[in-house]
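Enquirer: Following the hints, complete the assembly by docking chain B onto the known chain A.
Protein chains: 2
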Amino acid sequence: MKATGIVVEYNPFHNGHLHHLQQARLKTNNDVMIAVMSGNFLQRGEPALVDKWTRTKMALSAGVDLVIELPYAFATAQASDFAKGAIFLLDALKCTSFCFGSEEGSLKAFEHTYDLLTENKTAYNLAISTLMKKGISYPKALNEAYDIVSKDVTVPLVDLSKPNNILGYHYIEAAKTLHATIQPETIQRVVANYHDPAKATETIASATGIRKVLFDGANLSAVQTYMPPTSLEALYEWQSTANSFGNWEQFYPTLRFIILRHTKEKLAQFAEVTEGMENAIWNAATTCLTFQSFMEKIKSKRFTWTRIQRMLTHIYNDFTWKQLKETELPTYIRPLGMNERGQAYLQSIKKDLQLPLVSRVAASKENRLLQLDIKAANLYYLGLQSAFGQQMVGSDFRIAPIRI
Amino acid sequence: MKATGIVVEYNPFHNGHLHHLQQARLKTNNDVMIAVMSGNFLQRGEPALVDKWTRTKMALSAGVDLVIELPYAFATAQASDFAKGAIFLLDALKCTSFCFGSEEGSLKAFEHTYDLLTENKTAYNLAISTLMKKGISYPKALNEAYDIVSKDVTVPLVDLSKPNNILGYHYIEAAKTLHATIQPETIQRVVANYHDPAKATETIASATGIRKVLFDGANLSAVQTYMPPTSLEALYEWQSTANSFGNWEQFYPTLRFIILRHTKEKLAQFAEVTEGMENAIWNAATTCLTFQSFMEKIKSKRFTWTRIQRMLTHIYNDFTWKQLKETELPTYIRPLGMNERGQAYLQSIKKDLQLPLVSRVAASKENRLLQLDIKAANLYYLGLQSAFGQQMVGSDFRIAPIRI
Chain A
219 MKATGIVVEY NPFHNGHLHH LQQARLKTNN DVMIAVMSGN FLQRGEPALV
269 DKWTRTKMAL SAGVDLVIEL PYAFATAQAS DFAKGAIFLL DALKCTSFCF
319 GSEEGSLKAF EHTYDLLTEN KTAYNLAIST LMKKGISYPK ALNEAYDIVS
369 KDVTVPLVDL SKPNNILGYH YIEAAKTLHA TIQPETIQRV VANYHDPAKA
419 TETIASATGI RKVLFDGANL SAVQTYMPPT SLEALYEWQS TANSFGNWEQ
469 FYPTLRFIIL RHTKEKLAQF AEVTEGMENA IWNAATTCLT FQSFMEKIKS
519 KRFTWTRIQR MLTHIYNDFT WKQLKETELP TYIRPLGMNE RGQAYLQSIK
569 KDLQLPLVSR VAASKENRLL QLDIKAANLY YLGLQSAFGQ QMVGSDFRIA
619 PIRI
Chain B
219 MKATGIVVEY NPFHNGHLHH LQQARLKTNN DVMIAVMSGN FLQRGEPALV
269 DKWTRTKMAL SAGVDLVIEL PYAFATAQAS DFAKGAIFLL DALKCTSFCF
319 GSEEGSLKAF EHTYDLLTEN KTAYNLAIST LMKKGISYPK ALNEAYDIVS
369 KDVTVPLVDL SKPNNILGYH YIEAAKTLHA TIQPETIQRV VANYHDPAKA
419 TETIASATGI RKVLFDGANL SAVQTYMPPT SLEALYEWQS TANSFGNWEQ
469 FYPTLRFIIL RHTKEKLAQF AEVTEGMENA IWNAATTCLT FQSFMEKIKS
519 KRFTWTRIQR MLTHIYNDFT WKQLKETELP TYIRPLGMNE RGQAYLQSIK
569 KDLQLPLVSR VAASKENRLL QLDIKAANLY YLGLQSAFGQ QMVGSDFRIA
619 PIRI
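Chains A and B, in that order, give the protein sequences.
Just so we're aligned, residue 219 is where the first sequence starts under the numbering used here, counting upward by one.
Just so we're aligned, residue 219 is where the second sequence starts under the numbering used here, counting upward by one.
Bound-form chain A, shown alone:
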């Protein structure tokens, strides 16, 4: 059996994801589709709309054969570490290829860009640090430095101002630096760009657009054209038990508590909190009553919104710089769900796995990265501030991988 890997968040699963899944199957012509998926906190530094179990159900219903959890320490990391964790796991799972969506659509361009930036590493990094000293954000500095080093290049390069191209670039980089045997493939994304709002006349909208519709108070029927019926059903089921969708505004009272429970000095010890942001964060928590007003108070030219959200995610989950620096690569493979094909595939590679396969977390509860996953799951449920959330605490110990 040959497997293709994808890296996903499915927040929530929609028609664009379905399209990607179908194209990836066509392109790689493999037997098994494996998704490495974030848990309850995501790369943009946000709590997920619905928990990892609900998103696993969505994935399996849409044809993914095996869902593996991307550990918290990678799922909430900057793009390069996020990519490294995900590609390492897909390689460890013996996938022959991984297939990512990109605005670009051509693998050649990614490879040219990778070669260019590797060959010009010193000049590129120097340009980035010079630009950042002027006070612009890291992503902006990356783009300007990239313009500088690519100025005289004639081969096609990737536009690294596009979010999926950036992630794609980091997947390629991860595969190269890990000396992985897994081979990259890319598929052009259709219609919706990452941040586009959902439009009533289309059947594909971005996850961001779909979340916006939901948080603006519309009911679920407003997003039904953008997702498969099984996804919509899973969202209805979640809503009927959890009452609300996970988002920072709802988690803010708890976040605020955590911030004010610590001194500013202590806040500076949490991962990604840097350059005096601990003062801004503490002061804003003292006065701001909503997450929106809090973010507006602390946002700065130096940091993107998502970078600040990642700081908050790490404060919320008690994840420190020290823990971040101790994090190298995933140390286990944790299936969240599978169908029969996924199960047969896991069975076939089991004896060759270099990492332990964690089906019951109780047996591996001393694993540091796994403890973080369990903790983040618990704190997500408690952030929901509902009877359902209270009951879901400890569910990692009780819920077995989903089988359909």
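What the hints contain is simulated information worked out from the structure, not anything from laboratory work.
It is possible that part of the hints are untrue.
Identical chains blur together in the list; that is why a pair holds if it fits in one copy or across any two.
Straight-line distance between alpha carbons at most 27 Å, and here's what the computed BS3-like set of lysine-lysine pairs gives [as the list claims (entries may be wrong)]:
no., residue 1, residue 2
1, K515, K583
2, K519, K484
3, K517, K583
4, K583, K482
5, K358, K430
6, K517, K482
Expert: Below, chain B alone, put in the same frame as chain A:
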């Protein structure tokens, strides 16, 4: 002007407190009555029913002239440190005497007991540690050791199985070991013992009894016979803005979040958490949905209920063993409220004070103990989980000492 000091929690202020206040005035015949009062967390390791500002209003309305905050590090400490912090402050405030309520009622008995235990210190401590090795709680060991060393004594001694006698003993001990010039006085408590339930036919009930009536769901009119009208009015005012009274059951979702946010190893670093209690606490938080069930799961013969609650208070407020060990004596005098007489007294002693007088916390916000008070106040308000609580965050910076 001559001042008498008292040590209070007023949780809430009731007729027994009023009686004590009147008796203390008669007994000491002084001009000014100063209360050192706990902030939003109390010595039994509990959030207060109503915040420190509301309790200050109750105190001033009942005739206290000046209310000083007992810093968090002492207010939530074991009896000996609680007493040391309070007596030190009253002595620093130049009180000529302090007057405590006790089941005993005679100062002589306290002095005999103090002399006995000082003279037999080695034998007493040896007996305590021998008894504790058998697995009984610290208070029980104290009592049994006390029986051993007092076996052949003929002078009257204090019954140290009574809660107010224990506190009184520690006040005497604190005054002696601090070499304070302040003189002790005691008044016998009337009618209600500390833990007695409130009875409909009496006008004096214990604060514990009154709280029980309120938490059992009765409305405020059920406790009106036990307190002065001004206290009842303050409780009504609190209820109309805060919606609920502070208690662990209500704070439990937040406490649970905090516990599960930490590893067991980290939990062991919080003050008073000892002998593997971190494991019991973490495990119980994983499964228990109410504070009552949580406490029943972790209670043990080795620790009293209040000792365990103090552990939880310190976990909640991020107060560690390290911080506890660094705490020696109060480092400031913070008035929460005063009447004209209290103000005149403060004015008269101001120039002789050895400690800074903190009327605006912003000016002293680098003080470590004061930061703890501000934090505990904030976390108390957030624990209330209400719009009022959210708005009260940072109120230490906004509210000036109350003047009536």
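Enquirer: Take the hints in turn and mark each one as holding or not.
Expert: Quick rundown of the hints versus the structure:
1. K515 / K583: The answer is between: 22 Å across copies meets 27 Å, while 39 Å in one copy does not.
2. K519 / K484: within (24 Å within a copy, 35 Å between copies)
3. K517 / K583: between (37 Å within a copy, 25 Å between copies)
4. K583 / K482: Between copies only: 12 Å across, 31 Å inside.
5. K358 / K430: within (25 Å within a copy, 60 Å between copies)
6. K517 / K482: Classified as within; 17 Å inside a copy, 34 Å across copies.
Checked against the numbered hints above, the structure violates none of them.
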